[in-house]
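K.L.:
One-letter residues, chain by chain:
There are 2 protein chains.
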Amino acid sequence: MNKICIIGVGLIGGSFALGLKKSLHKFQQVNIVGFGRNEANLQQAQALGVIDTYSLDIAQALSGVELVLIATPVNSFKNILELIKPHINDNVIVCDVGSTKGSVIATAKEVFGTMPAKFIPAHPIAGKEQNGVIAADGSLFSNKRVILTPTDNADTQAIERVSECWQALGARVEIMNDKTHDDLLAMTSHLPHMLAFSLMDYVIESGSNALDYAAGGFKDFSRIASSNATMWRDICINNPDEIVKHIAGFQQSLDKLSSLIEEGKAKEIEQLFINAKTARDDWLNE
Amino acid sequence: MNKICIIGVGLIGGSFALGLKKSLHKFQQVNIVGFGRNEANLQQAQALGVIDTYSLDIAQALSGVELVLIATPVNSFKNILELIKPHINDNVIVCDVGSTKGSVIATAKEVFGTMPAKFIPAHPIAGKEQNGVIAADGSLFSNKRVILTPTDNADTQAIERVSECWQALGARVEIMNDKTHDDLLAMTSHLPHMLAFSLMDYVIESGSNALDYAAGGFKDFSRIASSNATMWRDICINNPDEIVKHIAGFQQSLDKLSSLIEEGKAKEIEQLFINAKTARDDWLNE
Chain A
1 MNKICIIGVG LIGGSFALGL KKSLHKFQQV NIVGFGRNEA NLQQAQALGV
51 IDTYSLDIAQ ALSGVELVLI ATPVNSFKNI LELIKPHIND NVIVCDVGST
101 KGSVIATAKE VFGTMPAKFI PAHPIAGKEQ NGVIAADGSL FSNKRVILTP
151 TDNADTQAIE RVSECWQALG ARVEIMNDKT HDDLLAMTSH LPHMLAFSLM
201 DYVIESGSNA LDYAAGGFKD FSRIASSNAT MWRDICINNP DEIVKHIAGF
251 QQSLDKLSSL IEEGKAKEIE QLFINAKTAR DDWLNE
Chain B
1 MNKICIIGVG LIGGSFALGL KKSLHKFQQV NIVGFGRNEA NLQQAQALGV
51 IDTYSLDIAQ ALSGVELVLI ATPVNSFKNI LELIKPHIND NVIVCDVGST
101 KGSVIATAKE VFGTMPAKFI PAHPIAGKEQ NGVIAADGSL FSNKRVILTP
151 TDNADTQAIE RVSECWQALG ARVEIMNDKT HDDLLAMTSH LPHMLAFSLM
201 DYVIESGSNA LDYAAGGFKD FSRIASSNAT MWRDICINNP DEIVKHIAGF
251 QQSLDKLSSL IEEGKAKEIE QLFINAKTAR DDWLNE
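Protein chains in written order, with the working numbering: chain A, 1 to 286; chain B, 1 to 286.
Rather than coming from a laboratory, the hints here were simulated on the basis of the structure. There could be a bad hint or two in this list.
A pair counts as met if it fits within one copy or between any two copies, since identical chains are not told apart.
Below, in silico cross-link-like pairs of lysine-lysine (DSBU-like), each with a Cα-Cα straight-line distance of 30 angstroms or less [to be verified]:
{"no.": "1", "residue 1": "LYS22", "residue 2": "LYS144"}
{"no.": "2", "residue 1": "LYS109", "residue 2": "LYS22"}
{"no.": "3", "residue 1": "LYS3", "residue 2": "LYS245"}
{"no.": "4", "residue 1": "LYS219", "residue 2": "LYS85"}
{"no.": "5", "residue 1": "LYS21", "residue 2": "LYS256"}
{"no.": "6", "residue 1": "LYS267", "residue 2": "LYS144"}
{"no.": "7", "residue 1": "LYS21", "residue 2": "LYS245"}
{"no.": "8", "residue 1": "LYS219", "residue 2": "LYS179"}
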C-alpha cells in the first residue's frame, strides 16, 4: 500500500498507525495521513511519529488513499461515513475499530444504500486505561484478538488486505458474523461493565457510608466502573438487545444463587463457587 | 500481657501474632502459643517465628492465658468455643476475626448460655490472595480497618485491651453493632463476590466459548470469583438475610439500567455511568 488514512488519531487509531510503521517492510513505506477536527491533536500525532502527515480537509486526506481506518467513537460513524462518501471510490478499502458491529453495518447501509463490498468492519479486543494518541503503542494489538465481521457481499481481497494489516501488528484475526460478535461481547464485556456500573449506582443510592468499609476486592471488581461514560453510553445505544438479553440471563443466575443462600443449601453454594473459581482459573491458565 | 493463645495459626492469626511481636514493647515480651490440629503447620509457624510455642492440647495451650484469638473459619466456631469453654475463666479475653459477626455472637450465646462479657468479636478488613501461615505478615493490618462488635454487656476494659492489640498492629479500630457490620459488609464485600461468582456461573451455563473473547476488564472484574469457595460458602450460610437483601436491592438497580438501555435513554444512561465513575474515583482518592 502507498497511502492509508486514519480518521480519529487516538489510542486505537494511533496504535494501528504506529504498529504498521514498525511492521513488515510492505507497510514501512506506506504514507499514513491523519484526519480529524482537532489540529493540535494531529500535530502531536505527527510530532510523535504516529502519522506522516495530516489534513483537516477530507478531500485532501483521502486523495489517492488505498485504505481508510475509522477510529472514532461509534456514535460518530454516520457523520464520518457521509463525510468520506463523496471522496472514495469502489477500490478504497474501509475498516473500523468499533466495539459494536451490527450498528456499524446498519449505519453503513443507511449511508451507502448497501454495504460497500470493501468495507470490512473490525473490532480489536485490546485497550488501555489511558486515552489519546499520547498513549498510542505499536504493540497494543500484539497477540490480541481482532474480530472481522465482513458481510456476505464482502470483497475477499479486501478481507485479506485488512487481515494482513492486523496480522502485521501481531493480532490474531478471527472472522465471524456481526450478530455473533455483538452477542459474545455483550456477555464478556458489556454485561460485566453494566454490573460494575450498577453496583456503584446501588451503593450510591443506598446513601450509606458503606464505601468506607470497602476493600481490595471491591476495588478490582469496580475498576471497570471507572471506564469512559460516553463510550459506554454509545455501546449501550448500539447494542441494546444483546445487553438487555444478557442482563436478564444474568439475573436468573443471580436469582438461583440468592435462593440457594435463602434456603441454606451449603453444598450447592460451595459447588457453584468451586465451578466458578475453576472456570476462571482455567481461563487464566489458557 | 504475658500469654496469648492463637487458635488457628494461618494468614490472619499468624499475621496478628507476628505483628504483636514487632510492635509496642508491652507486647514484645508476651508469650504467644499456637493451638491447632495440624502439628506440621504449628511447627512451621514456630520455625517462622510467628509463635513462640505450640500445643496440641487445649488445656495446656490455654493454661494461664490472658487473651485467646480465634482465627479459624467461622463455621468451626461452635466446636472451638465448646473446646475452650472448660479451660477459660471469666478473666480471659476472647476475640475472633470472623467475617460475619451476628453469627459469631449467636454461636457464643448458644455455647456459653449468655455472651461472655470479655468476648469481643472483631473483623479485620484486610487480607491477601495467599493463604496459610507462610503468608503471615506483621504489617497486614497496618492502616486497615478493624471493626469490633461488642455486645451491650461487654467489659469496657476487655474492649480497650483488644483495641490496644489491633492498634499496636497499626489498625484503625471502629466499634459498631454486629447488625450494622453484617449489613455494611454484605453490601461492599459479600454482594460483589456473589455477582462475580454468578457472572462466571452464567457464562459457564451458557455453554458458549465467550470466555475466549474476554479481556482485561473481565479479568479484574472476576478476580474475586477465584476466592476460597469454602470460606465464601460459610459467609453465605452465616449472613444469609443481609446478602439476600442486598442481592434484591442490586437487582432493582440493574433492572433500572436495563430499562434505560431498552428505552434508549442515552442521557440517563450516561449520567448513571458518570455518577458511578465519580463515586468510585472519589472513593479511591480519599
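K.L.:
All the hints need checking, so say for each whether the structure fits it.
P.N.:
Now the hints, each set against the structure:
1. LYS22 x LYS144: Only inside one copy: LYS22 and LYS144 sit 17 angstroms apart there, 47 angstroms across copies, limit 30 angstroms.
2. LYS109 x LYS22: Result: close neither inside a copy nor across copies, 34 angstroms intra and 70 angstroms inter.
3. LYS3 x LYS245: neither (42 angstroms within a copy, 60 angstroms between copies)
4. LYS219 x LYS85: neither (45 angstroms within a copy, 40 angstroms between copies)
5. LYS21 x LYS256: neither (52 angstroms within a copy, 46 angstroms between copies)
6. LYS267 x LYS144: Close neither inside one copy (39 angstroms) nor across copies (33 angstroms); limit 30 angstroms.
7. LYS21 x LYS245: This pair counts as neither: shortest intra-copy Cα distance 41 angstroms, inter-copy 55 angstroms.
8. LYS219 x LYS179: Intra 33 angstroms, inter 24 angstroms, cutoff 30 angstroms: inter-copy only.
Consistency note: the structure conflicts with the earlier hints numbered 2, 3, 4, 5, 6, 7.
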